[in-house]
Amino acid sequence: MSPKAQRTLVRDLRTEVGNTVVVKGWISVRRDQGKMVFFDIRDRSGTVQAVVLPKSEAIELAKETRLESVVSVEGKVNERPEKNRNPKVQNGDIELEVLQLTTLSQAEVLPFDMSLDGFNLDLTTELDHRALTLRHPRLQAIFKVQAVIIDSFREFMKQQDFFEFQAPAMVPATAEGGSEVFEIKYFDSKAYLTQSPQLYKQIVMTAFERVFSVNKVFRAEPSATTRHLTEIVSLDAEMAFIDSWKDVRDMSEKTVKYILAQVQEKCADELTLLGATLPSMIDETPTLSLTEVFEKLGVPADKDLNPEHERRICEIIKEETGSDFVYVYGYPTRAKPFYVYPNAENPEFNEGMDLLCRGVEWLSGGRRINEYNQLMEHVEKWGMDPAKIEMFLEAFRYGVPPEGGFALGAERMTMQILGLKNIREATMFPRDMNRIDGRLNDDGEV
RNA sequence: GCGGCCGUGGUGUAGCUGGUUAACACAAUUCCCUGUCACGGAAUAGAUCGCCGGUUCGAGUCCGGUCGGCCGCGCCA
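For the first sequence, position 395 matches number 395 in our numbering, and the numbering has no gaps at all.
These are calculated hints, taken from the structure and not from any lab test. Worth double-checking, as some hints may not be accurate.
Label pairs and their calculated CB-CB ranges [to be verified]:
id	residue 1	residue 2	range
1	Met36	Arg11	23 to 29 Å
2	Asp122	Gln264	29 to 35 Å
3	Arg44	Ala387	50 to 56 Å
4	Asp117	Gln166	38 to 44 Å
5	Asp151	Leu110	28 to 34 Å
6	Glu97	Glu284	56 to 62 Å
7	Asn422	Pro347	37 to 43 Å
8	Val17	Thr103	24 to 30 Å
With a cut-off of at most 30 Å between alpha-carbon atoms, the simulated DSS-like pairs for lysine-lysine come out as follows [to be verified]:
id	residue 1	residue 2
9	Lys216	Lys303
10	Lys88	Lys63
11	Lys88	Lys76
12	Lys35	Lys76
13	Lys318	Lys421
14	Lys158	Lys266
15	Lys158	Lys257
16	Lys421	Lys266
17	Lys216	Lys421
18	Lys421	Lys254
19	Lys216	Lys246
20	Lys185	Lys216
21	Lys144	Lys158
22	Lys388	Lys190
23	Lys257	Lys318
24	Lys257	Lys421
Remember, predicted model here, so these are calculated numbers, not experimental data. Backbone N, C-alpha and C fix where the C-beta goes; we use that ideal spot for every residue, glycine too.
The whole structure should be built from the sequences, with the hints applied where relevant.
What follows is the structure in structure tokens.
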């Protein structure tokens, strides 16, 4: 009857019925029955009910130890009697009979209700206490799904023979021009936080053909919305030897399809806990030109869709085809960055595209200009300083195949897949206009 | 940055057209409970209702300002 020296994870307890084991974790709830005490112990693999019988020496400690305290339990794994089984919870058919209880770390009184059902905080409070709220199964489920999304992107890219590279975070000039950037002090000069790995992935593409990166990017735009942050994870891909933007569309479609399938397969429990239904992608995602979208909506053509348009076109497509996704291509050339390829027959419109889902933009990409003279024409028209993007331009002087790429926002994708209302819920440590961990005050200090 | 809404014990909320002990749930403290299912029961403590000023005999409730938050728009991933 000597206990195993090693710690056993909660998820492995079923195979230890009849044995004495050591389980370590956090006390997530206690049900004090007077003479006997039940508590749930949580580790990284899940939760199990522990029972402290009246005769146990641990009974006093079990009553006193605060929720979220870290404990070590030596106990016997018992199959529960038929009438005491609970099919609704993990390990509902077994329980841990506590023989010895040790408090490894006593927790303070919790500032709010952390119970599964009672956990109902204002988003502001949730974020102000991120260090604690992260322990809640609901939040853990969100970030597990996010991890699978990012992993799956990587996996699929590698399967398709894409090469992963690390794009720089500090850059000398702004890639797209115009937008707000964070300026940083760089020794005696100035530098900026990157807004996009765009120019770098194009450079790397000229060497490796197919490339991707998983990178933090930064936007200083003062956007106070439910879907904007100043720091996000951008999933970027770029590929050479395409025939048209449609090849990029197809690759991005397969990527999203793969990610959704992986989430479905690996995150079944998380999806159930969060009550989320994955968006449906049909065999051929509906693809409309911007002009066609405006016609469908019955509104005058404009240079881009506004959020209201995006919501409505998604609703219409969903109703007509059952697809939660829709590609929109062919934006006015001048409304997009300088590197986007203008349509050869109708140069007023370009070969840029966006993928919308459930009313929100998920992905943006398209074909890029690969011909040096054309690129320089655009650099001039867009009013950019060639000296500032010389490294990028150099690559394009020495032979670049027809190419294109796309980028996905990891947080926005997480939010949309899980049906979350605010992108901050889908971000572990969200940064926005008013917050870096803590809230910013008037002096700009945390 | 502009527009709309909100700010009540630790947390989440209620408080109707202003009327004097500000309510409820969870958490907390004390007690009861040998099979509970992020239990049950009893009691206790805890809020000058974001802040400043005004109207009024009287303000959580009305008005103005201020600070904070949320949502929408522009821009985007």
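Quick rundown of the hints versus the structure:
1. Evaluation of the 23 to 29 Å hint for Met36 and Arg11 yields a pass: the beta carbon distance comes to about 25 Å.
2. Judged by the Cβ atoms, the range 29 to 35 Å given for Asp122 and Gln264 holds: they are separated by roughly 31 Å.
3. Range check, Arg44 to Ala387: about 52 Å between beta-carbon atoms, so the 50 to 56 Å window is met.
4. In this structure the supplied range 38 to 44 Å holds for Asp117 paired with Gln166, their Cβ-Cβ distance being about 43 Å.
5. Asp151 and Leu110 have their C-beta atoms about 32 Å apart, which keeps the hinted 28 to 34 Å range intact.
6. Range check, Glu97 to Glu284: Cβ separation about 57 Å, and the 56 to 62 Å hint holds.
7. Under the hint 37 to 43 Å, the C-beta atoms of Asn422 and Pro347, about 40 Å apart, fit the expected range.
8. The hinted range of 24 to 30 Å is satisfied by Val17 and Thr103, whose Cβ atoms lie roughly 26 Å apart.
9. With a CA separation close to 28 Å, the supplied pair Lys216 and Lys303 stays within the 30 Å bound.
10. A C-alpha spacing of about 25 Å is found between Lys88 and Lys63, which places the hinted pair at or below 30 Å, so the restraint holds.
11. Among the hinted pairs, Lys88 with Lys76 is consistent with the structure: their alpha-carbon atoms are about 22 Å apart, no more than 30 Å.
12. Restraint check: the Cα-Cα separation between Lys35 and Lys76 comes to about 19 Å, which is no more than 30 Å; the hinted pair holds.
13. A C-alpha spacing of about 20 Å is found between Lys318 and Lys421, which places the hinted pair at or below 30 Å, so the restraint holds.
14. Taken as a hint, the Lys158 and Lys266 pair is honoured in the structure, with Cα atoms around 19 Å apart against an allowance of 30 Å.
15. This hinted pair checks out: Lys158 and Lys257 have alpha carbons roughly 15 Å apart, not beyond 30 Å.
16. Between Lys421 and Lys266, the direct Cα distance comes to roughly 23 Å. Compliance with the 30 Å bound is thereby established for this hinted pair.
17. Taking the CA atoms of Lys216 and Lys421, the gap is about 22 Å. The hint holds against a cut of 30 Å.
18. At most 30 Å may separate the alpha-carbon atoms for a hinted pair to count; Lys421 and Lys254 meet this at roughly 26 Å.
19. For the hint linking Lys216 to Lys246, the alpha-carbon distance of about 27 Å falls within 30 Å, and the restraint holds.
20. Simply put, Lys185 and Lys216 have alpha-carbon atoms about 19 Å apart, close enough for the 30 Å limit, and the pair holds.
21. For the hint pairing Lys144 with Lys158, the CA-to-CA distance comes to about 21 Å; that is within 30 Å, so the pair holds.
22. Between the alpha carbons of Lys388 and Lys190 the distance comes to roughly 13 Å, so the proposed pair stays at or under 30 Å and holds.
23. Between Lys257 and Lys318 the CA atoms are separated by roughly 17 Å; this keeps the pair inside 30 Å, and the hint holds.
24. Of the supplied pair hints, the one linking Lys257 and Lys421 holds, its CA atoms being roughly 23 Å apart against a limit of 30 Å.
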